[in-house]
Amino acid sequence: MYIYDQHDKTLIGERVAQYRRQTDDYLAGKIPDAVFLPLRLQNGLYVQRLAPMLRINIPYGMVSATQLRALAHITRKYDKGYAHFTTRQNIQLNWPQLEEVPDILAELAAVEMQGIQSSGSCIRNVTSDEFAGINADEIEDPRPWCEIIRQWSTLHPEFAFLPRKFKIAVTGAKTDRAAIQVHDIGLQVLKNADNEVGFKVLVGGGLGRSPAIGVVIKDFLPAKHLLTYLEAILRVYNRYGRRDNKYKARIKILVKAWTAEVFADKVEQEWLQEIDSPSTLTDEVIAHAKAFFTSPAYENLDCESSEAELQNLAIEQIAFGKWRDRNVIAHKVPGYCAVHLSLKPTGVAPGDVTDSQLEAIADLADRYSFSEVRVTHHQNLVLGDVKVSDLPALWQAAKQQGFATPSIGTLVDMICCPGGDFCSLANAKSIPVAEAIQRRFDDLDYLYDLGDIKLNISGCMNACGHHHVGNIGILGVDKKGEEFYQVQLGGSALDDASLGKVLGPSFYAHEIPDVLERILNIYVDQRIEGETFLDTQRRIGIAPFKEFIYAKAA
Amino acid sequence: MPKLLKDKTIVDNGWQVLPKDFDGVLPDTPCFVPLDYWLANKQNLQNPESIGVWLDSEEEPEALVADITSLQHIAVNFPTFMDGRGFSIARLIRERYQFSGELRAIGHIVPDQLFYLSRCGFDAFCLNALALDDAAEENHKLEDYLATFSVTYQACVNEQQPLFRRRQG
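The listed protein sequences correspond, in order, to chains A and B. Every number in my numbering is 190 more than the matching position in the first sequence, counting from 1. Every number in my numbering is 96 more than the matching position in the second sequence, counting from 1.
Okay, chain A solo, but in the shape it has when bound (with noise of 0.2 angstroms):
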């Protein structure tokens, strides 16, 4: 991981020293609402339904066993003992005071955390893969590139007051678990035909109101450049976005209405201006930030033993096969493996723990995987480093703590937002249809025999449950102050990134649970040897599934 120095140190200090004055002032009468607006924004502080919310990066996902320990304090003593982990990798408590911020943004400090730029209208915490570094499908660990990123837009005096909030995404892998189709910026590492290493460069997804997949500008952009480019492309889009109307100031919007070639060309001749400038990466700090993401020690490990006894207690305790199949990910290095905490057991929101469980996840960290834990944006928690031979053990103990639902991947692995019972945003609840989709589909066998779906639910059209690009989306709606639910099929985050249509007109919360099964029902009647739903849908379109369900309905 990452470990700040003293300039880093110094600045975190400083950030607090600030927000603890702007606080004060506002107490005092001296800065109005309007104005302390988006300075505490800018330090994750939202005011939300019921009291504020604060938001923590966890910067690209990683997070140590220290600072874990450190959130379960802060959960104790400032909130209510839980907090809530999000799409885009973060941390959130829902109950801090208002007044007691800057002291919780001094304990985080404390353990290199912060809340910097965690919302309002600038460049958001950079997101990553959470099997960075460890995949052997990696072409490059994204990480040493998010932490630069992250330095660059830390405070950067130009973007704080950008048309709308602005989110980077980067992936170092074949396969794209950071969805950055569905970001203001996405970025894959890659390596030409010299074996040089640089990025493709997509701008202009993202979900919300106005959901788009993001287009390529830049097909290899040498690493070099990769902070004058992505200067060019805020640049640009800070002068040109729109500030008219909020639900159209995202860059998709400009993106579109320029068309990419465009905006391609306009980024190409605002960099083009500045393209070796000193914000030029040198071999030495590219070496300099790659020294924080060195492999752990690992071990060489008999993988045939511990082999041999995993599969002997598979055929014994079936539960602990089951587990091992949905929750455990293969390693790139042998002997190895990276393990899924759940946070999705049945009658808990999902991505919501406690106080005590984010001590037991440091504890789990500290014993098994040296002392790093990574946040999905699946709201689950990886174990990046885990020995193969040590998985009863930790299988025990995650039993024991909650975080061993054999689920990962299926339908009840939802991506949820907090929703109506938290957001004043949204139109509806979201965590109580979550709840009562879990208790219908309660039949692992089932679950596993329906196979990889994602199933995303977002409270209003902000669409924070990235319900868009769920292969099964919902959606929360407001009519005539009553809450109903509108699905959608077809979307997807990962490389086939796109989004669901709307199946048809919405539904009660009570009749989600048997809407779902009717959908399932015609995925298990049609599906063809080896289609996911997501493969079934797409063959046989969205008309066979809208005629069954309103069929039945009517």
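Derived from the structure by calculation, the hints contain no laboratory data. Take these hints with a grain of salt, some might be off.
Claimed, not checked - Straight-line alpha carbon distances no greater than 25 angstroms define the calculated DMTMM-like cross-link-like pairs of lysine to aspartate or glutamate that follow:
id	chain 1	residue 1	chain 2	residue 2
1	A	436	B	155
2	B	237	A	214
3	A	522	A	386
With chain A's structure known, arrange chain B on it following the hints.
Same frame as chain A, now just chain B:
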């Protein structure tokens, strides 16, 4: 008299900002003329010590390239403090077009933006734009705003080397 924060001290601001649709006779006092007026009449406005140009946030600093060396005062308007276009405009004027005169922020800005504004090349700030009544009392504090951070990651007008080049050195 209205006040100006310039070179980290509070001074009298004797400059008027003429409205965007200005047409007619210039006042006797120093003034900023709007960009269109400047472009249409600049041959008659060659008095850089008392005539400057102001740009609105949607206007293009590229329009002033030919005049940069003959100007001593340029102002950039912030219609609201949330309109961040002026930050890009300022960097272009300073870094790309090498303007060395006074670059003034006018319109609506807030004290907590002074640090970023100054990093982007502004060196003069209208205090009425900051909505501060008692300028004298706030004098010391305004200086503090300009020095909120002693560490900056990026290259910008006031620091041409990004931290990664300074950090390595």
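These are the hints, each one checked on the structure:
{"no.": "1", "hint": "436(A) <-> 155(B)", "in the structure": "holds (21 angstroms)"}
{"no.": "2", "hint": "237(B) <-> 214(A)", "in the structure": "holds (14 angstroms)"}
{"no.": "3", "hint": "522(A) <-> 386(A)", "in the structure": "holds (22 angstroms)"}
In summary, the structure agrees with every hint in the numbered list given earlier.
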